[in-house]
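Work out the full structure, taking the sequences as your base and the hints as a guide.
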Amino acid sequence: MTNSMNDHLGRPVVVVTGMGVVTSLGQGQQDNWRDLTAAKSGIRHISRFSTEGLRTTIAGCVDFLNVDPYSAPALSIAMAESAASEAIEQANIGTKGDFPGPLFLATPPTELEWPQRRELYGEESESTLEGYDRLLSACRTNKHEEMQRLFQFASVGEHLADKYGTKGLPISLSTACASGGTAIQLGVEAIRRGDTDTALCVGTDGTVNLEALVRFSLLSALSTRNDPPEAAMASFSKDRDGFIMAEGAACLVLETYEKAKARGAEILGVLMGCGEHADDFHRTRTSPDGLPMIKTITKALEDAGIAPSDIGYVNAHGTSTPENDKMEYFSLKQAFGDVMETTPISSNKSMIGHTLSAAGAVEAVFSLMTMRNSMIPPTINYNTPDPDMGKIDAVPNKAREADVSAVISNSFGFGGQNVSVVYGREPK
Amino acid sequence: MKRNDAMSKENADVWITGIGLLSSLGEGADVHWAAMSGKSGSTVTPVLDNENYAPYPVHPLVEVDYATQIQKRGDLRQMEPWQRIGTYTAGLALADAGLSGDLDALDHMDMIVAAGSGERDAEMDQKVLESTTGDNANKGNSNEILKSELRPTLFLAQLSNLLAGNISIVHKVTGSSRTYMGEELAGLASIENAYNRISKGQSDLMLIGGANNAERKDSLLIFELGQNLWGDEFKSIWERAQAGGGLVQGSVGAFLVMESAKHAKARGAKPYAKLSGISSDRCRRDDGQAKDNLDRQFDELSKGMQKGTLGVLSGASGAKQATAEELAFLQGLDDKGFQPVTRAYGSMMGHSFEAQMPAGLALAALALSKGEYLEPLDGSGVEASADAAPEQIMVTSVGHWRGEGLALLTSLDSKEAK
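Protein sequences, first through last, are from chains B and Z.
Count the first sequence with our numbering and you get residues 1 to 428, in order.
Count the second sequence with our numbering and you get residues 429 to 846, in order.
In short, the hints are calculated from the structure, not lab data.
Because the structure is a prediction, the values reported are computed rather than measured.
For each residue, glycine too, the CB sits at the ideal point set by N, CA and C.
Mixed in with the good hints there might be a few duds.
Claimed, not checked - Derived list of chain Z stretches under chain B, where covered just means 3 residues or more per stretch with a C-beta under 8 Å from a C-beta of chain B:
1) 613 to 625
2) 650 to 659
What the hints assert, rightly or not - Residues of chain Z placed beyond 10 Å of chain B at every Cβ, according to the derived structure:
3) Asp458
4) Leu476
5) Glu491
6) Tyr494
7) Phe662
8) Gly672
9) Gly673
10) Lys693
11) Gly716
12) Glu728
13) Lys731
14) Gln749
15) Gly809
16) Glu819
Right under this line is the structure:
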């Protein structure tokens with residue numbers, strides 16, 4: 001074992017050997033990268049359900065996978081499969097249906113949806129019972145096993161474990177909008193402690209449905225600039241007014257550098273480090289001092305063993321909410337110091353929307369592609385600098401060529417969830 | 429703080445140093461022990477609500493003064509029962525471990541919550557259903573109803589990871605915060621992950637647990653879709669399994685403080701027991717697969733174990749196939765040289781999905797620290813009385829749908845614990 005197989009703390013180096021991605025821009029790395037670097041947006045008017053009377057009527061839906069009937073778990077499964085198949089094929093690892101490691105899955109919490117509730121209610125149309133009593137009565141009359149399987153919390157993970165033959169218990173996790181980052185972090189930790197030498201990390205989210213849209217809208221989290229849809233997400237811009245819900249999935253195949261090298265796999269990038277610190281301030285707001293975010297970013301850099309000046313690009317959480325973008329940039333400046341003012345930072349979400357549970361995984365793929373292609377995707381709709389932020393290089397509106405050897409990707413979520421992951425290139 | 433994960437050669441011992449329990453039986457470790465060990469002087473009998481959710485019996489939560497653990501009324505108002513049960517019980521575990529308010533320790537404490545999600549607004553759901561189905565199918569506008577009736581804060585009370593979020597806010601646990609989902613296997617996986625992280629030096633102090641609110645029809649509905657619930661006069665776990673099978677839900681909160689022995693010793697914490705091993709896997713549940721998994725896991729776990737009497741705290745749910753295969757596995761232990769003394773604690777507390785495995789570990793740790801054991805909780809003959817208190821206890825987790833696992837706890841003699 002050569003020295004480069006271990007990191008600065010003597011742990012096995014973890015590398016990426018396969019990637020897959022689906023967003024509203026399309027299916028696969030190639031299509032997504034083409035549109036992302038052409039500053040295209042995937043945000044459209046919602047056609048999946050009636051948006052009559054709603055304040056926000058646009059989203060980044062994935063409607064091209066033909067999931068019928070739509071339900072959040074069914075679409076989450078379809079997108080996760082697309083991303084995982086692409087990643088496993090690229091990694092060329094294991095045999096079909098026999099992936100040689102565990103699954104770490106960021107997936108939205110499941111719950112029965114309105115079409116299913118209505119179906120059950122309709123089955124007992126003669127009943128004098130009301131509400132949940134009637135729904136329960138419908139269940140006693142007819143078994144709805146398929147429906148139960150789909151709406152268990154373990155549903156998406158079990159489906160993927162069956163299909164890809166991942167090893168051990170499939171881990172389904174939620175850290176809200178930080179989930180995708182957490183899935184990768186869990187994979188890294190499992191490999192570092194020697195539980196496994198490979199892991200399948202997936203983030204998926206297909207929850208653009210009526211109730212989810214209304215829920216986020218009631219929290220005043222969403223942009224209401226519906227026309228034109230592609231102009232709604234204005235991360236870091238002074239006129240930003242919230243995020244746009246979006247769907248997507250992404251997958252990384254992680255391995256020890258040693259094993260990947262031994263089998264001659266192409267190294268797509270290195271998982272250099274992860275940082276996390278929870279916020280105890282508020283359910284949806286960030287500590288005003290930014291300390292949990294600052295600790296998260298600092299821990300990630302320490303874990304990676306690099307300095308802020310080594311980071312060539314910040315892949316921001318950048319949700320385009322007034323609060324997130326301000327606190328994220330403030331925390332970065334505290335953690336990085338002056339060097340942050342000249343470090344490029346952009347938000348993929350300005351084009352693909354906020355893919356929620358999948359975001360950290362989707363943005364991991366784009367972070368790695370940024371280094372591989374020496375091209376930084378832009379922040380679109382960046383038209384009005386926010387004086388509160390001070391000097392910022394938001395890579396406005398146009399992709400930029402740049403030689404980037406390390407990226408930090410941030411993911412922050414409701415419930416005080418903060419995760420940062422540092423990606424790098426294969427060591428020379 | 430840096431931890432040198434992979435390079436520590438010796439695995440750290442993993443101790444359980446704090447227990448939080450809340451259920452139909454009462455509040456706190458000792459109350460549960462008294463109720464299940466027969467030490468309260470009365471016979472062991474479950475607490476049931478047979479009326480409010482008929483035909484489904486449930487084990488209702490004991491009356492709780494939430495303010496003793498969730499002091500700010502504003503915090504309490506943001507939560508529905510599921511999050512309250514969990515946040516309250518996490519507080520009990522931290523207090524039991526002597527960590528309440530110890531901000532330095534809590535700042536580096538790692539948390540995994542095994543979570544379902546919070547309560548829906550049943551009245552609003554009924555309103556939407558009434559106005560958008562049947563004769564009203566084309567009249568009602570669910571957009572308008574949802575817009576006007578959904579309370580903004582309810583979303584946060586429903587979100588799975590907001591149980592952990594509330595624990596951070598109320599109790600200041602902030603080292604790291606992860607939420608696992610997936611019914612029983614989420615509880616099992618979170619304990620396994622905590623065990624692995626502590627034993628390999630990635631963490632030295634963790635809070636693990638989950639909560640279940642049985643008294644909600646939206647949750648009963650999810651499990652009754654596949655006709656999984658027991659909808660008849662109450663019977664214990666093994667009796668139900670023999671009579672066609674079915675789940676009886678219990679309102680339960682179960683949290684554990686898990687800690688490396690070194691960390692516990694350094695702060696003078698008193699351990700209940702040592703978690704000496706854990707094993708887990710999944711299968712599609714074709715006939716016999718769950719039993720095969722358990723057999724394989726046991727062969728792994730029992731390497732180096734003293735043969736003879738083995739305490740078994742079974743997390744069996746009463747689901748027909750899962751419970752039958754677990755029983756077949758337990759009955760085969762004799763051939764491997766182990767005599768199981770089995771107690772299905774779900775007969776007393778009800779089934780609590782994500783919280784089931786943490787609750788089992790809590791009871792096992794209690795039994796080992798007291799040098800006592802639980803009374804038989806079942807009249808089917810599966811649960812023989814114990815001649816002596818076992819010094820090793822295995823906790824089983826066989827999910828009603830997916831996930832199989834075993835954990836082994838051993839007692840710490842007074843020398844080890846110092």
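Structure-based check of all given hints:
Residues of the segment 613 to 625 of chain Z with a Cβ under 8 Å from some Cβ of chain B number 8, which satisfies the need for three, so the listed coverage holds. With 8 residues bearing a CB less than 8 Å from a CB of chain B, the segment 650 to 659 of chain Z meets the requirement of three and the coverage assertion stands. No Cβ of chain B comes within 10 Å of the Cβ of Asp458(Z); the nearest lies about 30 Å off, and the non-interface call holds. Once the 10 Å rule is applied to beta carbons, Leu476(Z) is consistent with being away from chain B; the minimum gap is 18 Å.
The Cβ of Glu491(Z) lies farther than 10 Å from every Cβ of chain B, with a closest approach of about 24 Å, so its non-interface assignment holds. No beta-carbon of chain B comes within 10 Å of the beta-carbon of Tyr494(Z); the shortest separation is about 17 Å. The Cβ of Phe662(Z) lies farther than 10 Å from every Cβ of chain B, with a closest approach of about 18 Å, so its non-interface assignment holds. The claim that Gly672(Z) is not at the interface with chain B holds, since no C-beta of that chain comes within 10 Å of its own (minimum 14 Å).
The claim that Gly673(Z) is not at the interface with chain B holds, since no C-beta of that chain comes within 10 Å of its own (minimum 14 Å). Residue-level check passed: Lys693(Z) sits 22 Å from the nearest beta carbon of chain B, beyond 10 Å. Distance check for Gly716(Z) against chain B: the nearest CB is about 18 Å away, which clears 10 Å, and the non-interface claim stands. No beta-carbon of chain B is positioned within 10 Å of the beta-carbon of Glu728(Z); the least distance is around 13 Å.
No beta-carbon of chain B comes within 10 Å of the beta-carbon of Lys731(Z); the shortest separation is about 18 Å. Under the 10 Å C-beta cut-off, the non-interface status given to Gln749(Z) relative to chain B holds; the minimum distance is some 13 Å. Listed as a non-interface residue, Gly809(Z) keeps its Cβ farther than 10 Å from every Cβ of chain B; the least gap is roughly 31 Å. With a least beta-carbon separation of about 28 Å from chain B, Glu819(Z) lies farther than 10 Å from that chain, consistent with its non-interface assignment.
Of the numbered hints given earlier, the model fails none.
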